[in-house]
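Novice: Top to bottom, those sequences are chains A and B.
With the working numbering applied, the first sequence covers 1 to 157.
With the working numbering applied, the second sequence covers 1 to 495.
Just so you know, these hints were derived from the structure itself, not from any lab.
Cβ coordinates follow ideal geometry from the N, Cα and C atoms, glycine included.
Accuracy of the hints is not assured; some may be wrong.
[Claimed, not checked] Each pair of labels, with its calculated beta carbon distance range: (1) 306(B) to 100(A): 32 to 40 Å; (2) 19(A) to 151(B): 43 to 51 Å; (3) 70(A) to 231(B): 34 to 42 Å; (4) 131(B) to 22(A): 28 to 36 Å.
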Amino acid sequence: MGELTFNLLQYGFLLLLWLFVLSAIAVLRRDLRTRADGQAGGPTRRGRRKAAGASAPKAPRRPTRLTVTAGGLQGTQLPLTNASILIGRQPGCTLVLEDDYASSRHARIFPQDDQWYLEDLNSTNGTFLDDQPVHGTVPLPPGTPVQIGRTVVELQA
Amino acid sequence: MTALPASADPFAAVEPSLSSARRPWRLAELWLLLLACAVGIGAFALVGYGVRGALPSSFWTESLLLVLLSLGAHAAIRLTAPHADQTILPLVVFLNALGLAMITRIEETDTRQGMMANAISQIQWSIFGVVAACVILWLLKDHRLLRKFTYTSMFIGLGLIMLPLVPGIGRTINGATRWIVVGGFSVQPAEFAKIFLAIFFAGYLVSARDALAMAGPKFLGLQLPRLRDLGPLLLVWGAAMAVMIFQTDLGVSLLFFGMFVAMLYVATDRISWMIIGGTLFGAGALAIINSFPHVGRRLDGWLNAMDLIDVPGGSGQLVSGMFGLANGGLTGAGLGRGHPYLVPFSFSDFIYTSLGEELGLTGMLAILLAFLLLVERGLRTALLVRDGFGKLLATGLSFVIALQVFVVVGGVTRLIPLTGLALPFMAQGGSAMLANWMIVAILLKISHDARKPSIEPDRGVVLQQPPADAPAGSRGDSLETLPVPPPPPGKGAFA
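Given these sequences and hints, build the entire structure.
Specialist: Here's what the structure looks like:
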């Protein structure tokens, strides 16, 4: 093989190396984009369609996730299923807070008859729905801030 | 931190039937694997043509084994960790294949080194590594199970580190007591100790981090930890110093201490730990270098590299590696057409300069970027996974790869003193290959646990007796039916 062929093969090989590395980066970028979509509040296309389909006959916007809007876990989102969500410091909770002002089992958010409810579980420092202390179980409308210790969560559509 | 699974589709959980049907195809991984195999096979062929104008004798064996190994690992991941990160495996295969090509290349012109470069043995070890990784993926159902072995791991890890000191099986090669010989095989136990110590550090720190993060005295605006919490750090420091003194092994000692300090920092979020750790290690290393000539010679060869070329045990190896890099330049001398074999241990400790000579800066940067991406994926896994133990374990394992790459590449490019560690996945060496593939398996498993979509809340389905009159609803309802209107305050089910 001639010198030229060798050099061309060498450059071709280096291109292949970078093609691999850049492809790997492209895969990561796609990963980032899907995640950013999920967090920025704009549901992915499929999610939007699904949410719309589920709530078509009922109220126009049914909450699909629980979002932490303030506190150490700010930005965390939990998809809502028809299971209840237990919030507190205890590792067994659905949403585990690392917050000195939260009780180990602080509050519970659960669905019943197409409506979400908030229940304070006799927490030491109390649960506040829109700055009002919660006693027992109250209906929880979407978009209303719930303060638990230093953490604020809300239901979002 | 308890970040929740920001899995690709946060709505996957809305409809359980849909998400369980969606088993990922992992096409991105397959595509990247094919590219990585193409890189490897291309490199094998070019190496042969560059050296003697024909395919290397082991070309077909190596290519076939490389493809089988990639596809086998891919299939194993599909079966056992289908949601794991898709770039980790291709990156590792890419690095492994390039290392293999360079070892083949050195073997083709092995005139000086008495057939020490052995590509077939290296690919055998790669296969053992992949098999070990598959076994781990298969047996380890949940990475949190490893936490049960926190203290067992400590004993195994420390035992492995100390093993080369046992008379009879310990071997000292080139000044460092890092090997044991068992039944004709020489093994570097420290490579396996990495995994066990990472498990131990993660398990220990996840339970001790609250105490270790406590604020102590303030000094020059820096919040120091409490003095009584310095115990564990001093203990690990003592062990690292012992490794340096008795095994004269700066690299291994730095690796373990660095891993502990990095995990301590991640666990407590206190920068003071890093400063204290760095100071302790620097002071200890300086003291040892001044009192032990062997360790000191490395430092001398680093500072005055050009003056000590011809001194036995001087910097001849380091300098010829750098000459190789200079010969490579920007685009390299061409695979098989440089002279990397002139450097002692060009297939193991100095494989990075060998690759640099033949692939040039362009190729070296691609390799470094591949390592960077691998470590980034590991740390991203640590961010995504929910449990503290998994976070710390993923951090520790990724960081140990990062630190090892830094120490090796820094050493051969004369940024820091040479330590004699091996470049992960590339340098020839069976123990390192096996251990690093095991690390990859654990990372993949954690990544799978972090990314799999959760149908039910992952942590804490509230276990509670349903009221007697509870209607038999769907799975979620039956556990959680409460009478509405709500019970009076103070009489909730959890009071």
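Novice: Should the hint that residue 131(B) and residue 22(A) are 28 to 36 Å apart at their CB atoms be regarded as holding?
Specialist: holds, 31 Å
Novice: Between residue 19(A) and residue 151(B), does the C-beta distance stay in 43 to 51 Å?
Specialist: holds, 47 Å
Novice: Can the suggested window of 32 to 40 Å be confirmed for the beta-carbon pair residue 306(B) and residue 100(A)?
Specialist: violated, 59 Å
Novice: Lying within 34 to 42 Å: is that true of the beta-carbon distance residue 70(A) to residue 231(B)?
Specialist: holds, 37 Å
Hint 1 from the list above is the single one not met by this structure.
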